[in-house]
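Engineer: Each chain, letter by letter, is given below.
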Amino acid sequence: MTRRWPSAVLAGGLFLFAGLPLLLLLGRAARSQEVAWVAAWTSPDAARALGGTLLTSLGAALFAFLVGVPLALLLVRTDLALKRPLKATFTLPAAIPPFILGMGWVSLANPKAGLLNLALGAGLFDIYGALGIAFVLGSAGLPLVFLATTAALSRIDSSLEEAARISGASPARALLTVSLPLALPAALSGAALTFLFAASAFGVPYLLGVTATPPTPTLTTRIYSEVLMGAGGLERAAVLSVELLVLAGAVLLLSRWLTRKGEVRLSSGKGLSLRPMPLGPWRAPLTTLAVVLALVLVVLPLLAVALTSVQPVWGQLEGLTTKHWGAVLANPRTISAAGRSVVLAFSAALLVTALGLAVASTRRRWLELLAGAPYAVPGTVLALSLLIAFSRDIRFIAFERVAFVLAVGNTLWMLLIAYTVKHLAFGARNASDALAQVDPSLAEAARIFGASRARAFVDATLPQLRGALGAAFLITFLVCMTELTLSVLLIPTGADVLGTLLFELQSYADPGAAAVIACAFVLLLLAAQATQAWLTRKAAR
Amino acid sequence: MASVELADVHKAYGATQVVKGVSLSIATGELVALLGPSGCGKTTTLRMVAGLERVDRGLISIDGQEVDGPRGSVPPERRGLGMVFQSYAVWPNRTVAENVAYPLQLKRVAKPEIERRVAEALGWVRLSTLGARLPQQLSGGQLQRVAIARALVANPKVLLLDEPLSNLDAALREELRGEIAALRARLGTTMIFVTHDQHEALALADRVAVMNRGVIEQIDRPDVVYREPATPYVATFVGGANQLDGAVDGGQFVVGEVRFALPPGTTAAEGPATLVVRPEDLHLGGDGPALPLSARLFLGSATEYRFLLGDRVLRAVGPPQEGATPSSRWPVRLARVRLYPRAR
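Taken in sequence, the protein lines are chains A and B. With this note's numbering applied, the first sequence corresponds to residues 1 to 541, in that order. With this note's numbering applied, the second sequence corresponds to residues 1 to 344, in that order.
Hints were generated in silico from the structure; no laboratory data involved. Do not take every clue at face value.
[Unchecked claim] Here are some of the chain B residues that sit facing chain A, going by a computed Cβ distance under 8 Å: (1) Ala50; (2) Gly82; (3) Met83; (4) Pro92; (5) Tyr102; (6) Leu106.
These numbers come from a predicted model, not from an experiment. From the three backbone atoms N, C-alpha and C, an ideal C-beta is built for every residue, glycine too.
With the rest of the complex left out, here is chain B (with noise of 0.2 Å):
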């Protein structure tokens, strides 16, 4: 178990820049997903931790010992680290058993001592009957936990997961992420998880970090992201958001010919700004800007509402409203906002 740091790290492939300036600092037993959409550098920031990408500018230290920074790098195979691949990575011409025994041959222990360690980590992921198979036997998601086994058994100091269940259907996934959550509960590693599921990342991590374009642009726990997102963008990947750019002008936000009351208490600079509104806090009724209808979508536990402003689309989801018909008109009111200025 170690402690992570990432000091101004850049990355570029060619004239592409994929990593612009990550910093971040993860404690000892910390859970953090690294959060974003493909491309956004996330998966290129792992495999600089795991040294499988070297820095071209920057710092990453483990356990405060630099790893990979100007003065040169330590390999991936002296950084004493686990990592579960997204394509699981489980060598097919070896057994169960023989891949999860490989990281503690290559540390020469004992044999005894690899039988039995190898079959305490298959306890962990409850694989202990399948040992003498070969990987071509097994399903998707028992392959994934061979790799889960294997990154854990030789006690990593840090366990890396790029995307672990994305290659899983939907059940699956539900079932394994319980088992990394009491995994990690029980053995307490230090673990590095990138993904693109929002509730993956919200549900796992201690502090989820968002990343765009290269950059972090808000790292916190997962409520906090949730509710005070530090940018727009942060507010429509996490949760999903109505993004508006307008202006507050005197307790109002006013878009084009239209304006919003905005809700009391809310404390906003004059000027123009982005407004950021949650679907479930925008809501049908009251004595708000009546807007064009466009479609009604019934989702179960509640109905999705969709209004035009201009040429802009406005979700709001909440219970069914008697009357609410595509092609009416219905008022609609801001129950709670985020405003970010903007530049004039």
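Same shape as in the complex, but just chain A (with noise of 0.2 Å):
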């Protein structure tokens, strides 16, 4: 019953936004002189740059692998002390943009000024390099691999364990032996996409790889160093975008591979709560463990960048001073910055929710398929296609008829498109899994008793969709305000957005100034998180 013009046009415009753009990225790279092609097989820079980004994402995976398991297990499985908190903490990177997390670091671990080397004596830790990426990389996609291992423990039958020691195994050994097992596929999942974040991360690693001695290039930071050069690094950038996209596609495909496996496994679950195991007089030491790698991981650098907002002069330890703040927020360029954050982030998020449930509305799985898969595209590989397609020189090559309507090169349309696209994974999944929910039979009713189909939808079908399209237009908006990777290559010459406000702040000018933006960020975020969960909390009671 459903239509076909709505799938066309919505589809069509997908084409033109990413499609297209991604596919005029291939051709530049296809097109490009063979001397780009070698260059990045052969050049000792590029070759280290693509095994800056193996090394720091499978660095990153294997820590959030690491660590995230054994505090799935803990957390879910054991009678650990404080375990509300403690998942909260880990589970709070999730919303953090990692450069925020980088930036403590920073403040935290520079060999010289870093706040732990001036207490502990200089040099102890060095944060930049390819060691100190991976870390906090691994830190930030910590959620990833914990909350896809907690899912998957909770959801194991209780009798697949309870039968495990019937058979003569210890609590120990049936966790070890029968439910770690069936959530490994869920955990190695999450460490795949945690690889694919950090892969795909342009801000951690620029801002710990770029200034390291000796410096630790990624694709993607190298691919932002070619675009500033222009013309012909554009070519080279090209031709570094598809390795990454390779890359990214092949990890992605990887980690769908093993959630697949690992839904086929759990399939016969009831997910009946077991008792968790006592620890015993293990309790007491391994809560301090993960308590420490909480305050470590998660709150120490929010802690140090809270305080580099406050500190006189950067790298020492004596004073409080209310000056970054009263700088920053006076400052007309902060204003404007935000200004445009806003709208842009608010435009964003709206387009977003309603373009996401035309897609999910049209009940058109290709189409949702097409809708999310510019989320999984690196955002400087994103950004890059845009910027090839749209830009004034590429245009009139390309598509001489569409191009005088697009015009959009150079200025905040490119943001607001880029945001839309890269995000609209947001909408199209809520609203579909919303409207997978919803029963058919409401809206049903209300035609039988006279509603025209529209009708039947604003007044049977949205309000049941309220709520999952509020949460989508608020991610989408919460993650825009604070977007740094599109915002960077995409900004049009001499406006200013939170995001490169924050980004050239820490880069080249005051750490102070942008460790205040960072701290609004936090606060904004945790803010919001707060609000959503108070609202859940009401809905439910």
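Each chain sits in its own coordinate frame; assemble them with the hints.
Structural biologist: In structure tokens, the structure reads:
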């Protein structure tokens, strides 16, 4: 019964703003001089960039896996103390831009001026370089492993472990030989997603890699610097993007496969909760360990950012000041950047929600997959493809007739397009999940009593989608407010948004001022989370 | 093989008393069924024997050795039991053979010996050819067979079965019931069997323990439980019965205005009593009181008649009766009854 033209229009739009730019990027890479290809594979710089991406992403995935899986086991299946606050703390990095954690670690572990080094003796820690990047991205990606493993563990039918006990296995042995292998595909899939997240990350590798000695380039930071170089750089950037795309695609497929494999194994589960395993004498030491880990991985870097925002001189422990706060908040540049960010994030969130609902309403699986695809494309690659497609030079060559309609190169429209395309997945997924829950007979009843199709949708279906659509709007708004990667590459000259301002202040000028903006971000995100938790609780009552 | 002894076992979850003083002794090689409706405490009792739940009060011993009580409890892995779960609990990431081998691996049995015994156990449940399969490739009945082989492979002292057939369809249930009986005849393992299905309990068990609200109301041979139910509850739950509260008065049973003649040979004290009569013992015709007939249901081998007595419905099952149509009145007669005196 669904009509064809809405799907066609949506698919056309998606093609114009996501598919075509990516194709042009591929074309650009394919047509680029042999030199660029050869250089991309053989030049030591380019090889180092690929190596840097592989090393930091593998490191991050490994770190998240090795920390996240034991934590999930402890928090789901044992009588560890303080489970709720610990779970909330370890989940927190999912909501905070990794760049901010990176800033915190710069303040803590800069080899000369880091607070830890000042406190414990200079030169003890150095956060710069591949290991530092892997560590920061690993702790930022920790929720991906932790949450996936937690969810899988709590879905395992309790009788599976009980059967092992009766067969003669001790509680620990039953946990390790029965439940852990069953949760493993989910945990590995989380680790693969962490790899993808780390390989796509731009802010943290830039912050901790470019100025490291020796510098640790990654594909994303290399793409950025090639783009800054202009003309010939675009070619090389396009070639590097293809490398990154292939890597991301392969890892994404691996993660999907692991998830499916895990699903099959868990499908018989009734989800009865098992009695938590008593840790006995280990309870106190393990709880302490988990608390220390939560403090070090999450709380400490955020505190360091807060402290940096009130330090008179960066890298010195004495004194407190509000001068950064005053300077940033009174600066007209900050105010206009905040204004742009709010308008852009609000518009993008509105578009994502509306278009996501439209995509979901067509009930066409392929369209949903298509709408979700750009989210998996690394931000730098997406931004580069939009640059290539819509910047003035390319436009006239590529498609002459549409070009004048889309004179968006070097304007804020580019950002709006990028934000919307990238996060369309949030809107489509939320709306589609919610639509699947809605009882179609409610709208059918409205039709029987005389409502038109549209009227039935508005009166009977839409009210049930409100929660999901609100959540999609909120998350898109928050992510776009604090967005960095797309913004840095697509921002028109002479204008700022909050993300680019944060990036610029931290990278080149004024860590104190950057810390103020980062604090504001964290406060905004925490406030939003608290509000949402409160709304959920209220709705549940 | 071993005996099992429960003495005055209690268990509560929070404020809810689930098991309220169960005592039960099971001889070596015996098969006892715990029968009752859901929530009667039968599964909790079984899980306490398994060691998956602790007793609050009372003692459990296996083979004369105390495994749970005030002095502490032996964890399930050291009780040497086998258990078949209602949900099968076959590990989805292991093949059939690996599932069955697991208890032997934990006992550090040598590899060739494991292979031999796994093959033997799979033979018992007729799965010899499916050892390499993964559980996702099996049907429900096959999964339950894997669970049974796994529970038996290490020669458990006692085999515990928790509603082993209730997730299967009727035909498979019949088939597996027969197989459990055959296995038991062959291996002679002591078994405790939890079920809400009276046919299963009556068909399989040496003795049936009928549970209600956390206590055992009767434990006896199946035929005794059926023919001589100790309480009105047992009579109603096992076999189904009409239950009437009234009084015995001069050889008659009086419910409100209606007086039934008691069958000859019934000995009953005068006074308030509960009368239980099975549908097949309530006969149509004769010189009994005439009751309004509310419905007639054709059952195939017999016909069921429903009579109204005040606000109660009496069910009679017997050969079809010419002319007995709904809204007519028909005399009924008690052919065999059981009477339980009630406190005045």
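Engineer: Check each numbered hint from earlier against the structure, then list the numbers of those it violates in ascending order.
Structural biologist: Hints that this structure does not satisfy do not exist here, as all of them hold.
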